[in-house]
Amino acid sequence: MSIESLLRERFSRAIGLAFGSEFAGDPMVKPGDPKFADYQCNAAMALSRQLGRPPRDVATDILRHASLTDICESPQIAGPGFINMRISSIFLTRRLGELLADPVAKARAGVARAAESTTVVVDYAGPNIAKEMHVGHLRSSILGDAIARTLAFMGHQVVRQNHVGDFGTQFGMLIRYAKDLKLDTGEMPRITDLDSYYKQAAGRDKSDAQFSIEARQAVVALQSGDPEALRLWHWIRDESRRHCREIFARLGITLSEADERGESFYADRLSGVVQKLSEALPLGGDGPDEETLEIADSQPGVTKAFVTESQGALCVFLPGFVDKDKKPLPLIIRKGDGAYLYATTDLAALRFRILEDKSTPDRTAPLDHNWHADRIIYTTDARQAQHFAMVFDAIRAAHWDINPVTHRPVELQHAPFGSILGEDGKPFKTRSGESVKLRELLDEAVQRADAVVQQKNPQLPEAARRLVAGAVGIGAVKYADLRQDRISDYEFVWDRLLALDGNTGPYLQYTYARIRSIFRKAGEVTPSTGEITLETPQERDLARRIMQFGDVVPTVVTDLKPHYLCTYLYELCGSYSAFYEACPVLKASSPELRQSRLALCDLTAAVLRVGLRDLLGIELLEEM
RNA sequence: GCGCUCGUAGCUCAAUUGGAUAGAGCAUCCGCCUUCUAAGCGGACGGUUGUGGGUUCGAUUCCCGCCGAGCGCACCA
Numbered sequence: 035m036s037i038e039s040l041l042r043e044r045f046s047r048a049i050g051l052a053f054g055s056e057f058a059g060d061p062m063v064k065p066g067d068p069k070f071a072d073y074q075c076n077a078a079m080a081l082s083r084q085l086g087r088p089p090r091d092v093a094t095d096i097l098r099h100a101s102l103t104d105i106c107e108s109p110q111i112a113g114p115g116f117i118n119m120r121i122s123s124i125f126l127t128r129r130l131g132e133l134l135a136d137p138v139a140k141a142r143a144g145v146a147r148a149a150e151s152t153t154v155v156v157d158y159a160g161p162n163i164a165k166e167m168h169v170g171h172l173r174s175s176i177l178g179d180a181i182a183r184t185l186a187f188m189g190h191q192v193v194r195q196n197h198v199g200d201f202g203t204q205f206g207m208l209i210r211y212a213k214d215l216k217l218d219t220g221e222m223p224r225i226t227d228l229d230s231y232y233k234q235a236a237g238r239d240k241s242d243a244q245f246s247i248e249a250r251q252a253v254v255a256l257q258s259g260d261p262e263a264l265r266l267w268h269w270i271r272d273e274s275r276r277h278c279r280e281i282f283a284r285l286g287i288t289l290s291e292a293d294e295r296g297e298s299f300y301a302d303r304l305s306g307v308v309q310k311l312s313e314a315l316p317l318g319g320d321g322p323d324e325e326t327l328e329i330a331d332s333q334p335g336v337t338k339a340f341v342t343e344s345q346g347a348l349c350v351f352l353p354g355f356v357d358k359d360k361k362p363l364p365l366i367i368r369k370g371d372g373a374y375l376y377a378t379t380d381l382a383a384l385r386f387r388i389l390e391d392k393s394t395p396d397r398t399a400p401l402d403h404n405w406h407a408d409r410i411i412y413t414t415d416a417r418q419a420q421h422f423a424m425v426f427d428a429i430r431a432a433h434w435d436i437n438p439v440t441h442r443p444v445e446l447q448h449a450p451f452g453s454i455l456g457e458d459g460k461p462f463k464t465r466s467g468e469s470v471k472l473r474e475l476l477d478e479a480v481q482r483a484d485a486v487v488q489q490k491n492p493q494l495p496e497a498a499r500r501l502v503a504g505a506v507g508i509g510a511v512k513y514a515d516l517r518q519d520r521i522s523d524y525e526f527v528w529d530r531l532l533a534l535d536g537n538t539g540p541y542l543q544y545t546y547a548r549i550r551s552i553f554r555k556a557g558e559v560t561p562s563t564g565e566i567t568l569e570t571p572q573e574r575d576l577a578r579r580i581m582q583f584g585d586v587v588p589t590v591v592t593d594l595k596p597h598y599l600c601t602y603l604y605e606l607c608g609s610y611s612a613f614y615e616a617c618p619v620l621k622a623s624s625p626e627l628r629q630s631r632l633a634l635c636d637l638t639a640a641v642l643r644v645g646l647r648d649l650l651g652i653e654l655l656e657e658m
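In this text, residue positions in the first sequence follow this note's numbering: the first is 35, and each later residue adds one.
One thing to keep in mind: the hints can contain errors.
[Claimed, not checked] Under the rule of at most 16 Å between Cα atoms (straight-line distance), these lysine to aspartate or glutamate pairs were calculated in the EDC-like manner:
(1) Lys555 <-> Glu657
(2) Lys471 <-> Glu280
(3) Lys471 <-> Asp229
(4) Lys140 <-> Asp636
(5) Lys555 <-> Asp636
(6) Lys555 <-> Glu656
(7) Lys338 <-> Asp427
(8) Lys460 <-> Asp523
(9) Lys490 <-> Glu657
(10) Lys369 <-> Glu343
(11) Lys213 <-> Asp260
(12) Lys233 <-> Glu468
(13) Lys463 <-> Asp535
(14) Lys460 <-> Glu525
(15) Lys471 <-> Asp227
(16) Lys490 <-> Asp535
(17) Lys621 <-> Glu605
(18) Lys64 <-> Asp585
(19) Lys216 <-> Glu262
(20) Lys64 <-> Glu43
(21) Lys213 <-> Glu248
[Said to hold, decoys possible] The following label-pair restraints were derived from C-beta to C-beta distances:
(22) Val254 <-> Gln489: 53 to 63 Å
(23) Glu478 <-> Lys361: 45 to 55 Å
(24) Thr226 <-> Arg147: 37 to 47 Å
(25) Ala419 <-> Asp302: 27 to 37 Å
(26) Phe70 <-> Gln489: 34 to 44 Å
(27) Asp60 <-> Leu264: 54 to 64 Å
(28) Ala141 <-> Ala556: 13 to 23 Å
(29) Gly50 <-> Thr567: 31 to 41 Å
(30) Ser108 <-> Met35: 18 to 28 Å
(31) Pro618 <-> Leu455: 44 to 54 Å
(32) Ala283 <-> Ser551: 25 to 35 Å
Think of the hints as simulated: they come from the structure by calculation, not from any bench. In this text, a Cβ means the ideal position worked out from N, Cα and C, and glycines have one as well.
Construct the complete structure from the given sequences, taking the supplied hints into account.
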């Protein structure tokens, strides 16, 4: 158990003894400002209102009933009622010793498994087929993967899902355009060719009304199993998958083809889903009926979910959603021409993930086990927030969000993120206004990193340099994305993200490389025994920081915010660097001290292995 | 127009969810390499948290009004 949760437990007990168990639930304990405390308990202020007593009195009473002597010496009451604690060195060194001596705990760097293991679906990446992956896919892939990795590490059963766009409207344009091109589908296409076909098709679709109509007809043909359309679809899809595999591998994204269930996977479920939804929700009559949809200004929108046909399309109307004229906004589940669209597919995917089991016919990829998800997370662009809000509400209205095993509502979460902008603050594009291809972006990252490595460490042999450049370049791109709160846009500026100082990927990798260098010189000893002593403020600060790791990791998955972890790792590396400057390790004044400091290095490395490599998916380097 | 998200140091960002004197990096200035990787460390400078109210022991955080930015709002995803 972490120090923080241990303290929380102690305070809960103390509050129960002092004021009764009804006040004892989850008292606030958090790491304090180092100026005042290692940890502080702020429960007294909250309780003072409930008890009608001055907060400092409450704090005094809490302390009178608390048993903390083994953890900290003389806790202090400060300000309005903060209880400040300095963890005793004896306790801190004992905890570090325990971590060091237990190989399992050390490999996890002190991170406990979640009390309850749940099944979590993480839906991320989701590129469109027939297009090269571009910056638009970067954040979803990187953030989603970090979230999936962290959930898995916490002991949850994670189902990664790559919901590729392979059966929608845009595909009709390609099928229609292919007719004009007379493509040879005998040999494998190249992704770059497909990408340009796509652009040309999209251009035609805009300018040529007849083409546009035929493209939409092609979607219907594809979705109803037309063999010619399917043949072309396979031809394009195979190459697109190869391309995605390549990009994911370079980025260290843990998605495999087994995780791929795109729009096409749900194709034969769509009519059934629409049917079932119409049964699950009340029907809104047999016509669009402008009058029933006309809403008084005082209470815009509908009061209750229902399904109805409106202007030829089959729609779900939901409370709380209105358009720009304050009229009810529909969630369209079948278009006027009979084709289905992304809302339908998302509904089908949710049903699949929550309700279906392996007895359900599944011609594409038979399931090896039932999912029955407890939680489903979508990592997509913030612009889709309203779409997911509607889809989730529709699922809830139909009562499809109840897990069939636990009978509890499934936690449906959209983890939205902002856009990647150029230095001018406008969406990141090439000079000619096209979206930046991921392949080229990663090439440039590695190339720029290579130049920096060459300058910083000229004596590094070429093979090693290339390895370092790859890890630094890719790591810098990933870290730049992860370090910032996902909700905000961020500017993609090469010099900023490949900067070697500050909160950047290279800085963290550098810290790890310095630790590894010490161990190489020490002869790769593993300091599993011996006393740890915390002589200097730097050693103490580092020790304290290491012990906080286990409390940080869970917050990443409750809020779906990997930047919490980045901030922590950056601060850990700061503490380590200060320690490194102030405390000679190999030339320590005594063998015991040397051993103790080696142990601190070892534990720091353990945290970086878990945090940087396992959870954020950024490569570590032995030297750089 | 309605809705969502946001506004913090010259610049790029944090702030453990209502906690103490709002923290980092860059930039500027001053120090530290014949000692484990200086891609580093220590220090200085820099703030009316867009703005005006409200809630309370306490507000960057919650509520309301303005100002400004981005995004979304019927058959694209």
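> For this structure, which hints from the list above don't hold up?
Replying inline: Checked against the structure, the hints that fail are numbers 13 and 17, while the rest are satisfied.
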